[in-house]
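Listed below, chain by chain, are the residues.
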Amino acid sequence: MHWQSARMRGENLEAFRAEARRFIDANVSPSLARRVLLGKPASLVEIKEWHAALHRKGWVAPAWPEQFGGAGWSLAKRWVFEEECALAGAPPLSVQGLVTVGPILISAGNEVQQKRYLPGILDGSAIWCQGFSEPDAGSDLASLSCRATPVAGGYRVDGTKIWTTHGHWADYCLLLARTSSGARKQEGITTLIVDMKAAGVTVRPIITLDGLHVLNQCFFDDVFVPSEDRIGEEGKAWTILKSNIGHERVLVANPGFAKALNRRLHSLALHSDSTGRRPIDEPRIRDRLALLDVRLRALEATALRVLDHPDLPVTPEASMLKVRGTELQQDYTRLIGEVLGDASLPYDPQALESPDEGEDSLYDANTPTYLFLRKASISAGTNEIQRDIIARHLLGPA
Amino acid sequence: MIDGLSDEQRMLAETALDTAAGLAADHNRSGREVWARLTGLGWAGALTSNASGGFGGTLVDLFLLSRAVGYHLLTTPFLSSAALVAPLLEKIVPAGTDRILRAHVSGEAPVALAYEETSGDPAGAHVATRAKIERGVWSLAGAKRMVLDGADARILIVSAMVEDPGVRDSLRLMFVPRTAEGVEIQNYRLIDGSRAADIRFDNVVLDESAAIMPSSLNAALAIDEAILTATVSAVGEALGSLEACLAQSIEHIKTRQQFDRPLASFQVLRHRVADMYIAVEELRSLGLAAARSEDTIERESAIRAAKIHLGHAGVWVAEQAVQLHGAMGVSEECRIGHYLKRITVLDRLFGCADFHIARAGARF
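As they're listed, the protein sequences go chains Y and P.
So in our numbering the end of the first sequence lands on 398, straight run, no missing numbers.
So in our numbering the end of the second sequence lands on 364, straight run, no missing numbers.
Only chain P is shown next, with the shape it has when bound in the complex (with noise of 0.2 Å):
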């Protein structure tokens, strides 16, 4: 296969897929077990320094370690812990607490990130939580949703609007430690297995240390830039699934015969999988170009064509794999629905395909 990748990065990524494998294999292992041995490895660090317990890599690292993840649907904090808090919160650790990044990278002591107010709004750009300073003091009211392994974190980073008298309102990111009093978590499972919570504050008293960031156009730049990052994880992983997809079609209809034939000599059926097959192909060319853009608006539009055709042709392709198994295929006991499950978590996270249609055609 033109992988489109290089020598060091094929072994990364087939030594991704064997520890993946090994994982997946192995029945006995809780979704906590599985984590624990990640983080051991260092994949929550994937993207953030040595010095943090990770190993410095670039986003295809990042890209080819959430494609193991997908095409063996491990259920874990990976994309929420490696790729949209991780970096996130290497950038903006003050110095001399950089424990916090390594506690979060080990997996001891994980962090979470609160941004999202409204389904509509999956950007976060609209933030009604509010932090108030009192005589050093901050008081934090308001409301998140959507956070990805909220209920596992130990310190949540929270957008907030800051009431500072005398200066405009500003978008800060605020350290919440999760047992403060006033924080109420809702905790809940997605389709796929996968943890989020919901999260109130009510008055959370906060001491003065908890504000970071104190400029707010880099608190809005910082969430998009995790969010972009977390995008070309969900992408990766999406391109797992789908390649893990197409390959247990392909073997399931050269198997499966009906009318004294394999299903895979029917005309229809030949060019249905030869259609995954393009479509996978796209969103792995897509994937990496993403992934391997450095320029800063070029990347932004390459991660948004990513993301469209995840929703578009990625999904088709996992309501194909379950179509091409028949009944079979949307029966739980069956695994090639619970990718058509990851896909779906994956296309409504971050922002549907029209979510971001429309912002890469208002470039034009």
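Next comes chain Y alone, as it looks inside the complex (with noise of 0.2 Å):
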């Protein structure tokens, strides 16, 4: 069931729909969509053969610009797309690249820059990371301290970031660090491009809640950055990236990720047991599945209504979808543990990591799932934050 926005049917997507479907079908094997599927992790080695298949299609960079290398889709095109590849279980990609760091590029870069980086990140060759929090610097990023100090030929970096997704994969960092203090905390922030080979770089992993290895601490011990590595002016990283921070907001509801919860919760909802019992035969249970589904529908509905108008700012709205998109995810993942109950709880790291799929395995991925989750409302801007952008809108400043 897919609902459609007029830009939608507009552009009649119906047929790129089942194009797309075709292309995922033939490029993500049915053991590895088995398992993304149930929320197990893909491998990089997986990940990078996705990519590399979506990039010889020239569908890897949608949002960018046709003459970057990008697909240059409406956003509505791309809706589907991301939609079709979370229901058939495609792995997702490091997005650090291809969503953050790319983007900035084409609008802040210098040709140099361009085409020094952008083929790596379109090709896959090319893993990087968003230095962006630090320990003291969460919420309240504008309070980074990582220091940026001007030498000859460059900059000495010195300080550390954290959470850093991928860090460990990444051959590069897009890093915020303070090259001077201005009147206010935003001003002096300078966006770098660093080597991650580069002598005094160090990655810590930081293990997550399921057990896996995703995040990461960073530390810069006198790192030498090169000026050519400096995106955009000195100073002026908070501008750039305010501007790179749009539509992008819409997908991050992530509707396609939450009809795949639902998805696997309807197919565990509808499964008989030894006793011919099923889970849906409990009226709680098909209560709460009438209710998730009421709230993916307005999710969705939503999203599509902000598709609609993509000229218009979407400061609340982009803040909404990010609080209920999320919102959903958790309460998914939560529901699917209670009804697979105390099978829910067996737990084996390497069970999890483990291209065998076994969908009768004895470890189920979904509690760790849940666990990694319950990030989701703290990434990206916390959910509180999210709330407070939303009423800064609606009644000015506190």
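Mixed in with the good hints there might be a few duds.
[Stated by the list, open to error] Each pair of labels, with its calculated beta carbon distance range: (1) Y:T315 - P:D18: 50 to 58 Å; (2) Y:R277 - P:R200: 52 to 60 Å; (3) P:A274 - Y:V294: 25 to 33 Å; (4) P:A123 - Y:A398: 48 to 56 Å; (5) P:E8 - Y:R147: 36 to 44 Å; (6) P:G361 - Y:P397: 43 to 51 Å; (7) P:E108 - Y:D221: 52 to 60 Å.
[Unchecked claim] Calculated cross-link-like contacts (lysine to any residue; reagent style SDA-like; alpha-carbon spacing at most 20 Å): (8) Y:K185 - P:P262; (9) Y:K242 - Y:E353; (10) Y:K185 - P:Q257; (11) Y:K185 - P:R261; (12) P:K254 - Y:S143; (13) P:K254 - Y:K185; (14) P:K254 - Y:K236; (15) Y:K236 - Y:E282; (16) P:K91 - P:P262; (17) Y:K48 - Y:K242; (18) Y:K185 - P:K132; (19) Y:K185 - P:A211; (20) P:K254 - Y:P135; (21) Y:K185 - P:K91; (22) P:K132 - P:R200.
Hint data in this document are derived by calculation from the structure and do not stem from the laboratory.
Just so we're clear, the structure is a prediction, and the values are computed from it rather than from any experiment.
Even glycine gets a Cβ: it sits at the ideal position worked out from N, Cα and C.
Combine the two chains into a complex, taking the hints into account.
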């Protein structure tokens, strides 16, 4: 069941949707798809293979302008594609390069930087991480203190970044560092590209509650960054970042992922156990499924309303979609766990990462997924901050 | 704090917390050593007689010991051993074989209870495992799941439908030595590090003394009672874990600064902590009421109410504790997420909230 916006109907995306589904089925093995749909992590090799397939097709960077190697798709088309990927069990890509670094290089980088770095992001040969948060600068990112001191030929970087997704895989880091102190904290922050193999860079793994290694802490100890690797003007990182956060936020609602979770939930609820009972026969479960369905409809319909007006600013809407999208993911994974009952409890990190799919496996990936997704209401601006943004829009500053 | 305890109970609570704190702080002590220390203190026999090596306590005493275990996140067989098995064992152990009970309470030869067969039936009401008797010899066939601490047990108490020619099918409890031929154990850990097992019985041959409790009604009731007692313990443990969550969250938001002020100065977080406090206090009230309840029917309702609250408000508190810690809360190296793992286990054992809501509502 797919709801359509007026824009989508105008673009006649049903043919594209079918093409997308065929492409995904042809390039993601059934075994990998089953694993992804169960919440198991794909390996780096599998992620790179999928990335390469998308690149060959010209579909890896749907948001980028065509002149930079992008597919130049409309927001609506990207929306449809993201949904099909989530429903089909395509592995999530390492998105830092594609979604954050690429657009920043396109809008604020110079030609030399674009020629040097964009191809690697496009073909997947270069993995990027984002050096933003610090131990003392989370929600208050502008209070970051990682320093970039000007020296001959470039900068010397000293400091630490934390919660760095894929820092351990990354070839490059998009780093926010302070070059000066201005009247406002936001002034004086500079965007730098750091070679993760440079002398002085150390990466420490951070294991999350699911037992997996996705996050890291990165230490920069007197790391030299040449001036060519500064993006935009010194001290202007904040402006660069703000100008890139636009309709990306609409996609963060990610109803495709919620729909994939919804499918699993329904499949589990309809499954008869050895006594012939099904969870859906319990009125409470049935009611809760109905209520989650309402929320899923609200999420998607809201996102589609926004999609229909790509030129309007979307400050409160983006925050609303982030809040509701993440809450829905969290509530789906919690309910799946409750429907599984004590079958959701056995845990083995090796089974989680093993390519043996085993749907009858003793070890279900839902509980680790539920635990990792507690992060969704914290990352990319906590849901409390998102509500502040909405409130400020409605009420003015406090 | 208005804890609703007598002086004696408060002393037990404090001593238990001190004991648990000491064991938790000693990182050199293995899980087995921690449990050895607790069995040495008689904790596995919290509810059983002095003669068995226990201290003949009440459900409130069990609740308070469980709370200490939960507050300090001790991963031990306490829940299965002290709450699920020991009192059941004392009730059913045939006269003259109370050495089995003593050896269980001392930790020397643990016993585990195997009653659940499908995850959708956490009360173990539907039993497909069958026991047949022929010429004085029993043969047991079937499979049980989620046997808490099953792999370490020397003896398994297994619920089985008895096929006795001339007698209608009835539920019995069988004593099965773990080493009997045909017993296959698949051992695993749960998300919180605790241990359980799935166990198959492939025509296991047992001698005549293996069947205990001749009346099927008693067997079913005995299991129900064991699960209720274990639920009281689970609620107690959850209370302890949630008290720790709240205390650590308070400490964190008082210390952590963003935007040049402590997180505790943001009203939304102040109200969040206030709501967490309310939820914890309600669990304390419901848990103690359940533990104190003397009327059998009322006790079942009270225990269900506490378990439902654990699944709703309790899980919410543990989730919010993670939320208040920010990204740090989702890391394994920060303790706060470990409480969420334990609460998740306690919620999903012995029936989630929805399971109990349906049954609570059925009584209206």
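_For a quick check of understanding: which of the numbered hints are violated here, in increasing order?_
2, 5, 9, 13, 14, 15, 16, 17, 18, 19 and 21
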